[in-house]
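**Q** So the protein sequences, as listed, match chains G and F. full-length UniProt numbering puts the first residue of the first sequence at 1, with every later residue one more than the last. full-length UniProt numbering puts the first residue of the second sequence at 1, with every later residue one more than the last.
By construction, these hints were calculated from the structure, which means they are not laboratory data. One or more of the hints may lead you astray.
What the hints assert, rightly or not - Only some residues are given here: those of chain F computed to face chain G with a beta carbon under 10 Å:
1. R29
2. N40
3. G176
4. D182
5. R189
6. P321
7. I405
8. L410
To be verified - Covered by chain F, according to a simulated footprint, are these stretches of chain G (three or more residues, beta-carbon under 8 Å):
9. 71 to 77
10. 104 to 117
11. 150 to 156
Unchecked claim - Cβ-Cβ distance ranges computed for the label pairs, FRET-style:
12. G:M1 x F:V171: 39 to 45 Å
13. F:A15 x G:S246: 53 to 59 Å
14. G:N12 x F:S10: 57 to 63 Å
15. G:E8 x F:Q47: 44 to 50 Å
16. G:P202 x F:P174: 32 to 38 Å
17. F:G279 x G:E138: 34 to 40 Å
18. G:N12 x F:V171: 45 to 51 Å
19. G:M1 x F:R280: 52 to 58 Å
20. F:R355 x G:P61: 44 to 50 Å
21. G:E8 x F:E277: 54 to 60 Å
22. F:N40 x G:D144: 44 to 50 Å
23. F:E277 x G:E30: 34 to 40 Å
24. F:E22 x G:T156: 20 to 26 Å
25. G:M1 x F:P174: 23 to 29 Å
All values reported here derive from a predicted model rather than from experimental measurement. For each residue, glycine too, the CB sits at the ideal point set by N, CA and C.
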Amino acid sequence: MSTSTAFEKAKNENRAALVGYLPAGFPTVEGSIDALTTMVEAGCDIIEVGLPYSDPVMDGPTIQDAVQQALDGGVRVDDVFRVVEAVAATGVPTLVMTSWNPIERRGVDRFAQQLQDAGGAGLITPDITPDFAPEWIEAADARDLDKVFLVAPSSTDERIAMTTAECRGFVYATAVMGVTGARAKTSELAAPLVARAKDLSPAGSDLPVGVGLGVSNGAQAAEMAAYADGVIVGSAFVRTLLDNRSDEQAALKALASMTEDLAAGVRAR
Amino acid sequence: MTTHIHETTSYDADALGWFGGEAEGFGGRFMPEALMKALNELDEAWQEAKADTDFVAEFDAILRDYANLPSPLYHATRLSEQLGVRILLKREDLNHTGAHKIRNVLGQALLTKRMGKTRVIAETGAGQHGVASATAAAYFGLDCTVYMGKVDTDRQALNVARMRLLGAEVVPVPSGSGTLKDAINEALRDWVATVDHTAYLFGTAAGPHPFPTLVRDIVRGIGDEARQQSIEQYGGLPDAVVAAVGGGSNAIGLFTAFLDDADVEIHGFEAGGEGFETGRHAATIQANDPGVLHGARTYVLQDDDGQTIESHSISAGLDYPGVGPQHAWLAKSGRASYTSITDKEAMDAFALLSRAEGIIPAIESAHAIAGAIKIAPEIRERHGENATILINLSGRGDKDMGTAIEYFGLGEATRESEQGEAQ
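Can you make the complete structure from the sequences, with help from the hints?
**A** Right under this line is the structure:
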């Protein structure tokens, strides 16, 4: 199921969509399924399942910790598809967010097929841009999978136009110059970037813009929901699990209440 | 003698950074969008700089007056006698800071000044590129932050101290395996956040376009000098050129000037660690498994899921699970051949060169010496009695004495004899 369904629903309800991220296999494969389904039940509209990779460039310290824990626990790419299948079965659009090499290693077409078979909506690819991803674009187009590329405050107009033209589902706007991680204040770079992405995306495409990097509470989510179609939260969820690692029930409870706070935030635009 | 940084070869990358084309070749730019503008600006700035004769003249003057270049091409007569071929050593060990790496950082830092940036960052494994970067930053008056794996800061305390003395901030990186590849990841993360005023001095001819080309152009002076010296001092070109390959900057620095000399054989030697068949090595090209690491498609040590496998080598400078994409293309196209040298073969060559010539090489460079020893008989067979092998002696071995003491038991022998006398 494409993420566009979730964005349309949110738009009809005059709110932003809440997008939640956790890496597969963190704290365990089963644990990540429990955590993600809890987030769905508490109000996430779209789920990003992270594929743990040994050499991530865009991950900040919090997500690196979680990813390392998942890798140390022996998580494999096939486990990621298992998590996708379980989460997608709840009915929310479920994307995989991954560095490029695991896809290249498996074979782009084969990876795309397995993702589709698991019920995945598509891919978010933070370390590859459309100009270097012709194989993925072809494989995704053949299966109508979402292709979510990133734009940044440093992106030129030309590159934003090129990137949004290749996106399907939504475009991911990175709100700060920097890696992932919860921040005290949302960036003043976010709103102008969202406006540029909307201006420069192909006429009539109505491509939703999701904003990520740095959101950790409902107030920040509300601030972003004022101008963005989707609010993306990752590190704050991971932090919650890391802070409650000794008590699974407490972790899920904390995750649910954080999700509810954020879900209220995206409705308070 | 001037550098030939503006010259091209038949093995250069295209405008998008592909060596050998996108379909079959290597390189490219697999990076977050946040860095695309900076990488494009760097590419454009370099195209302009290398075409600017004032820039080239300034670079040449700095290399001459500050870095002690050109380095000599030395006929190693005793080693030549032992091997039955003429051995020429390009003495990059005599450069300021003791290795070819000073060329790379001075070139990139000069470009940084030209681009109006005020801060540089660098990654380092054993600390050599970090020390070189801190040196160049001091020379040009730039702020400098060096990322270094926590495992490496612990085992290379002397280089950490040198960097700090030179005014650099050293940041230990505990994530992942706590080594070079993790330092690169952390430096890239810094750069994503600071790119408007910060330049990333990449330590080798790898990474996203334009780094493989930029670094290659800057260090190609090694081969340009050696080629001219070989003609002037020894009456012609060598029959083979030889270098050690980790990321590959010293090797591409030597090879570039000879790429279009079809009669010159090109041999790269990777770190075979405990032996290729043991799996504990850094022989990335020999492993022959293409992937994307640190921004480029190249050969990568990886498992079935594409997770990077840790490399192993007695030489920290060769201990890297990727390789510069131009080397990957030179291997695939058949222009150069790459095989591996084990830790033991390298350490034997380390001892041999020390005793035969009075030169203690870096263990990295000892891999090149060992490679030359290995191919000397076939070179002689193919090219006759007067065959010549030109080796890049990329650095000096002072930094490796801790490893040598442990490997050869040099410290223990002294203690034993002292104990013997006491008894």
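**Q** It remains to establish, for every hint, whether it holds in the given structure.
**A** Hint-by-hint comparison with the structure:
At about 6 Å, the closest approach between the beta carbon of R29 of chain F and any beta carbon in chain G falls short of 10 Å, and the interface hint on this residue holds. This hint holds: N40 of chain F has a C-beta 8 Å from the nearest C-beta of chain G, less than the 10 Å allowed. The criterion of a C-beta within 10 Å of any C-beta in chain G is met by G176 of chain F, whose closest approach is roughly 7 Å, and the hint holds. Among the interface hints, the one on D182 of chain F holds; its C-beta lies about 8 Å from the nearest C-beta in chain G, closer than the 10 Å criterion.
The closest approach between the C-beta of R189 of chain F and any C-beta of chain G is roughly 5 Å, which is under the 10 Å cut-off, so the hint is satisfied. The restraint placing P321 of chain F at the interface with chain G holds, with a minimum CB-CB distance near 9 Å, inside the 10 Å limit. Hint on I405 of chain F is violated. Least Cβ distance to chain G is approximately 33 Å, over the 10 Å limit. Violation of the interface hint for L410 of chain F is found here, the shortest Cβ-Cβ separation to chain G being roughly 37 Å, above the 10 Å cut-off.
For a cut-off of 8 Å, the count of residues in the segment 71 to 77 of chain G with a CB near a CB of chain F stands at 3, and the three-residue condition holds. A count of 3 residues in the segment 104 to 117 of chain G with a Cβ less than 8 Å from any Cβ of chain F is obtained; the coverage claim is therefore met, three being the minimum. Counting residues of the segment 150 to 156 of chain G whose CB falls under 8 Å from any CB of chain F gives 7; the rule of at least 3 is met. Restraint check, M1 of chain G to V171 of chain F: a C-beta distance of roughly 43 Å satisfies the suggested window 39 to 45 Å.
Between A15 of chain F and S246 of chain G the CB atoms are about 54 Å apart, so this pair conforms to the stated range of 53 to 59 Å. Remark: the range hint 57 to 63 Å for N12 of chain G to S10 of chain F is upheld by a beta-carbon distance near 60 Å. At about 46 Å, the beta-carbon gap between E8 of chain G and Q47 of chain F stays in the expected band of 44 to 50 Å. In this structure the hint that P202 of chain G and P174 of chain F lie 32 to 38 Å apart at CB is violated, the actual value being about 44 Å.
Separation of G279 of chain F from E138 of chain G is about 35 Å and conforms to the stated range, judged on CB atoms against 34 to 40 Å. A hinted range of 45 to 51 Å holds for the C-beta pair N12 of chain G and V171 of chain F, which are about 48 Å apart. Checking the proposed 52 to 58 Å range against M1 of chain G and R280 of chain F shows it is violated: the Cβ atoms sit about 46 Å from each other. Taking 44 to 50 Å as the suggested C-beta distance range, the pair R355 of chain F and P61 of chain G conforms, at roughly 49 Å.
For the hinted restraint 54 to 60 Å between E8 of chain G and E277 of chain F, the CB-CB distance of approximately 57 Å keeps it satisfied. One distance hint, 44 to 50 Å for the beta-carbon pair N40 of chain F and D144 of chain G, is violated here, with the actual separation near 32 Å. Hint check: E277 of chain F to E30 of chain G, Cβ distance near 38 Å, so the stated range 34 to 40 Å holds. In this structure the supplied range 20 to 26 Å holds for E22 of chain F paired with T156 of chain G, their Cβ-Cβ distance being about 22 Å.
Checked against the hint of 23 to 29 Å, the pair M1 of chain G and P174 of chain F fails, with Cβ atoms roughly 40 Å apart.
In this structure, the hints that do not hold are numbers 7, 8, 16, 19, 22, 25, in rising order.
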